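Student: Please take these sequences and the hints and turn them into a complete structure.
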Amino acid sequence: MEKLLDVKNLHVSFDTYGGEVKAVRGVNFDVKKGETLAIVGESGSGKSVTTKALMQLIPKPPGRIKEGEILFEGRDLAQMNEKQMQRIRGKEISMIFQDPMTSLNPTMKVGNQIMEGLIKHQKMNKSQARKRVVELLDLVGIPDAENRMKQYPHQFSGGMRQRVVVAIALACNPKLLIADEPTTALDVTIQAQILELMKDIQKKTDSATIFITHDLGVVANVADRVAVMYAGKIVEIGTVDDIFYNPKHPYTWGLLGSMPSLESSDEELFAIPGTPPDLLHPPKGDAFAARNRYAMQIDFEQEPPMFKVSDTHYASTWLLHENAPDIDPPAAVKKRMEGMANSSSHSEGERI
Amino acid sequence: MTRYIIQRLIYMVITMFLIATLTFFLMKFLPGTPLSAADKLSEEQQAVVLEKYGLNDPVPVQYFNYMTNLVQGDLGISFQFDNREVTTIIMERIGPSMQLGVQAMFIGTIIGILLGLTSAIYHNGMLDYSSTFLAVLGQSIPSFVFAGLLQFFIGVKLGWLPVALWEGWEYSILPTISLAIFPIAIAARFMRTEMLEVMGSDYIVTARAKGVNKFGVVFKHGFRNALIPLITVLGPLAVGLMTGTLVIENIFAVPGIGEQFVKAINMNDFPIIMGTTLLIAFLFIFIILVIDLLYGVIDPRIRLAEGE
Ligand SMILES: Nc1ncnc2c1ncn2[C@@H]1O[C@H](COP(=O)(O)OP(=O)(O)OP(=O)(O)O)[C@@H](O)[C@H]1O
Ligand code: SF4
Ligand SMILES: [Mg+2]
Chain A
1 MEKLLDVKNL
11 HVSFDTYGGE
21 VKAVRGVNFD
31 VKKGETLAIV
41 GESGSGKSVT
51 TKALMQLIPK
61 PPGRIKEGEI
71 LFEGRDLAQM
81 NEKQMQRIRG
91 KEISMIFQDP
101 MTSLNPTMKV
111 GNQIMEGLIK
121 HQKMNKSQAR
131 KRVVELLDLV
141 GIPDAENRMK
151 QYPHQFSGGM
161 RQRVVVAIAL
171 ACNPKLLIAD
181 EPTTALDVTI
191 QAQILELMKD
201 IQKKTDSATI
211 FITHDLGVVA
221 NVADRVAVMY
231 AGKIVEIGTV
241 DDIFYNPKHP
251 YTWGLLGSMP
261 SLESSDEELF
271 AIPGTPPDLL
281 HPPKGDAFAA
291 RNRYAMQIDF
301 EQEPPMFKVS
311 DTHYASTWLL
321 HENAPDIDPP
331 AAVKKRMEGM
341 ANSSSHSEGE
351 RI
Chain B
353 MTRYIIQRLI
363 YMVITMFLIA
373 TLTFFLMKFL
383 PGTPLSAADK
393 LSEEQQAVVL
403 EKYGLNDPVP
413 VQYFNYMTNL
423 VQGDLGISFQ
433 FDNREVTTII
443 MERIGPSMQL
453 GVQAMFIGTI
463 IGILLGLTSA
473 IYHNGMLDYS
483 STFLAVLGQS
493 IPSFVFAGLL
503 QFFIGVKLGW
513 LPVALWEGWE
523 YSILPTISLA
533 IFPIAIAARF
543 MRTEMLEVMG
553 SDYIVTARAK
563 GVNKFGVVFK
573 HGFRNALIPL
583 ITVLGPLAVG
593 LMTGTLVIEN
603 IFAVPGIGEQ
613 FVKAINMNDF
623 PIIMGTTLLI
633 AFLFIFIILV
643 IDLLYGVIDP
653 RIRLAEGE
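Residue numbers (our numbering), protein chains in the order written: chain A, 1 to 352; chain B, 353 to 660.
Certain hints may be false.
Computed Cβ-Cβ distance ranges for the label pairs, DEER-style [unchecked claim]:
1. B:I362 with A:G18: 54 to 64 Å
2. A:Q155 with B:G587: 26 to 36 Å
3. A:K123 with B:G587: 40 to 50 Å
4. B:I493 with A:V188: 55 to 65 Å
5. B:I650 with A:F300: 57 to 67 Å
6. B:M368 with A:T16: 48 to 58 Å
7. A:K60 with B:Y481: 19 to 29 Å
8. A:T102 with B:I650: 15 to 25 Å
9. A:K131 with B:R576: 18 to 28 Å
10. A:P62 with B:R576: 20 to 30 Å
DSS-like cross-link-like pairs, simulated, lysine-lysine; straight-line CA separation at most 30 Å [said to hold, decoys possible]:
11. A:K123 with A:K203
12. B:K566 with A:K109
13. A:K150 with A:K204
14. A:K109 with B:K572
15. A:K150 with A:K91
16. A:K150 with B:K572
17. B:K566 with A:K150
18. A:K8 with A:K284
19. B:K566 with A:K131
20. B:K566 with A:K22
21. A:K83 with A:K22
22. A:K91 with B:K566
23. B:K572 with A:K123
24. A:K126 with B:K572
25. A:K204 with A:K3
26. A:K308 with A:K334
27. A:K109 with A:K150
28. B:K566 with A:K8
29. A:K284 with A:K52
30. A:K52 with B:K566
31. B:K566 with A:K123
32. A:K3 with A:K203
If you are wondering where the hints come from, they were derived from the structure by calculation, not from laboratory data.
All values derive from a computational prediction rather than experimental measurement.
Glycine included, every Cβ here is placed at the ideal spot set by N, Cα and C.
Tutor: Structure below.
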């Protein structure tokens, strides 16, 4: 399939009083047309910074793209100036944010907030834009669109606001949709609704999606491929099957092991010990070594390269080196992997 | 909305009633009589005068009379300017004070907002530092010092504008500037803080993610949201101006209410003191009402909550 986005060796740093925070340290991934890539990883691993950098939305200063290429349909977004980016944002790439309570302008009517992009990018006049807003509100499941568009955000519930945010993102039929934890701030039933909505929309619009989440259950549900981020790097990337049935990186094992399953009451959860490294002073060697019970001497000295597991599956761990000892994932994780295999096998047909 | 305004107006009347009562009785506790200045009167003459102004009646009767007259818009008769009505005197004097107050408020908030915006947009740049410096200066130096400096440099040295008195519009410029310094400083500082805060909020990122340009982000999305908290300081600012005029009018010899008020206090002219106090109280309550209504205009969340 054709590559829509190709990110090469992306480095993003923040210049703070304490020094340079290396939030993203050499990230490589691509997104193909119409596919959904999930990015998972614990808090602070650089998921938001990576995706914000794609749209040049990181605050500058202190942030800056230090190095790397962001090829979007062959053009390098990292080299574009603000004016050029304004033509990309909202039109070619748009973003759905985490907290619908704060991501809408409280003093602007909802309809006007959706219209803004249409008027700017599609050169629509007010009445054309209004028609499209009604369509969009219908699409995201907000009834009574004609009246609702004249209301302000505080007149909407959290779930409804997130639908508005989705409508804003979809307004100009972007080729790439970035959803940064779009359901985290919502309660469980609403989460499910928004997820359904997003899946539904993907089917209808065939835009590619980058879906950031903490929730591996969500990943199994929406994604084609998964990138696992740790301390500003992608440590493992592969298809959903690769990551769930055949994870290679101890950090991925940890993530899978720490995921509670429905029938898990009696099982022990496999918690990842320790805390993520300080990105002001990233450690030498593999950033995960200090928390990794399988760490070897070399892990503290030299960073592992990306090893190829299969055509779709890559992982950055010395365990994949031919001289490394054979290590199996811990029992708890293995059990979980089997659980995943069972539970997701019947949802297979549903995956987009 | 209409119901809300009517409700507020009723509260206003009640508040005014309470203030009138309070000032009336406080005034009764003031030492001295209006006659102490007119030493030369004999006991008999004094008695006649006191009788004439009704000051011999028992206090409750005086209170009742005062309030009945007040309701009819009659503030009584001045002690010092024989037989002139307080209402007339205040009416004559209110013009210059109002003009100064309104001009200073207008210029003050507009310039202040512009300065604050500039600061926020060019955050940590030269423009930011200089306008912050100006704001600190304007806030810490009392307005009468500015008044003196302006009089000396612009009035005397350069001779561009009249030093004092009130004989035309150009006479209002220096007092207005002196009065406006404080509102400028406050509005600038406030606007800067609010704007910086607003520009860091999530919906600004949303706007940028839509492809809105910098102008649109600042003015369509940022400005209005930063204005809401600014309205909160407008009330105290207006009050500051009211008291500020007392001093400034004296410095520039402006025939306004403030100057009159100071004279009245020196002479124990109760009706004028009462009248002016009530006027200032009324203006104050009125401004608070206007500000609350302004909130509703700018912030949809408040408009609806109270419209219901
Ligand atoms: N404005 C900033 N200044 C300094 N450091 C920053 C800034 N923004 C982000 N960072 C740093 O970048 C790192 C990655 O942050 P990021 O928000 O991408 O994490 P994340 O993976 O999205 O986490 P979460 O799951 O909590 O959203 C963090 O260590 C954070 O401290
Ligand atoms: S490279 Fe070493 S420290 Fe890093 S995950 Fe692999 S085994 Fe652990
Ligand atoms: Mg994040």
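Student: Compare the structure with each hint and give your call.
Tutor: How the hints compare with the structure:
no., hint, in the structure
1, B:I362 with A:G18: 54 to 64 Å, "holds (58 Å)"
2, A:Q155 with B:G587: 26 to 36 Å, "holds (28 Å)"
3, A:K123 with B:G587: 40 to 50 Å, "holds (45 Å)"
4, B:I493 with A:V188: 55 to 65 Å, "holds (59 Å)"
5, B:I650 with A:F300: 57 to 67 Å, "holds (58 Å)"
6, B:M368 with A:T16: 48 to 58 Å, "holds (56 Å)"
7, A:K60 with B:Y481: 19 to 29 Å, "holds (20 Å)"
8, A:T102 with B:I650: 15 to 25 Å, "holds (19 Å)"
9, A:K131 with B:R576: 18 to 28 Å, "holds (26 Å)"
10, A:P62 with B:R576: 20 to 30 Å, "holds (27 Å)"
11, A:K123 with A:K203, "holds (27 Å)"
12, B:K566 with A:K109, "holds (20 Å)"
13, A:K150 with A:K204, "holds (26 Å)"
14, A:K109 with B:K572, "holds (12 Å)"
15, A:K150 with A:K91, "holds (24 Å)"
16, A:K150 with B:K572, "holds (17 Å)"
17, B:K566 with A:K150, "holds (25 Å)"
18, A:K8 with A:K284, "holds (22 Å)"
19, B:K566 with A:K131, "holds (27 Å)"
20, B:K566 with A:K22, "holds (27 Å)"
21, A:K83 with A:K22, "holds (27 Å)"
22, A:K91 with B:K566, "holds (17 Å)"
23, B:K572 with A:K123, "holds (18 Å)"
24, A:K126 with B:K572, "holds (17 Å)"
25, A:K204 with A:K3, "holds (20 Å)"
26, A:K308 with A:K334, "holds (22 Å)"
27, A:K109 with A:K150, "holds (6 Å)"
28, B:K566 with A:K8, "holds (29 Å)"
29, A:K284 with A:K52, "holds (27 Å)"
30, A:K52 with B:K566, "holds (17 Å)"
31, B:K566 with A:K123, "holds (18 Å)"
32, A:K3 with A:K203, "holds (19 Å)"
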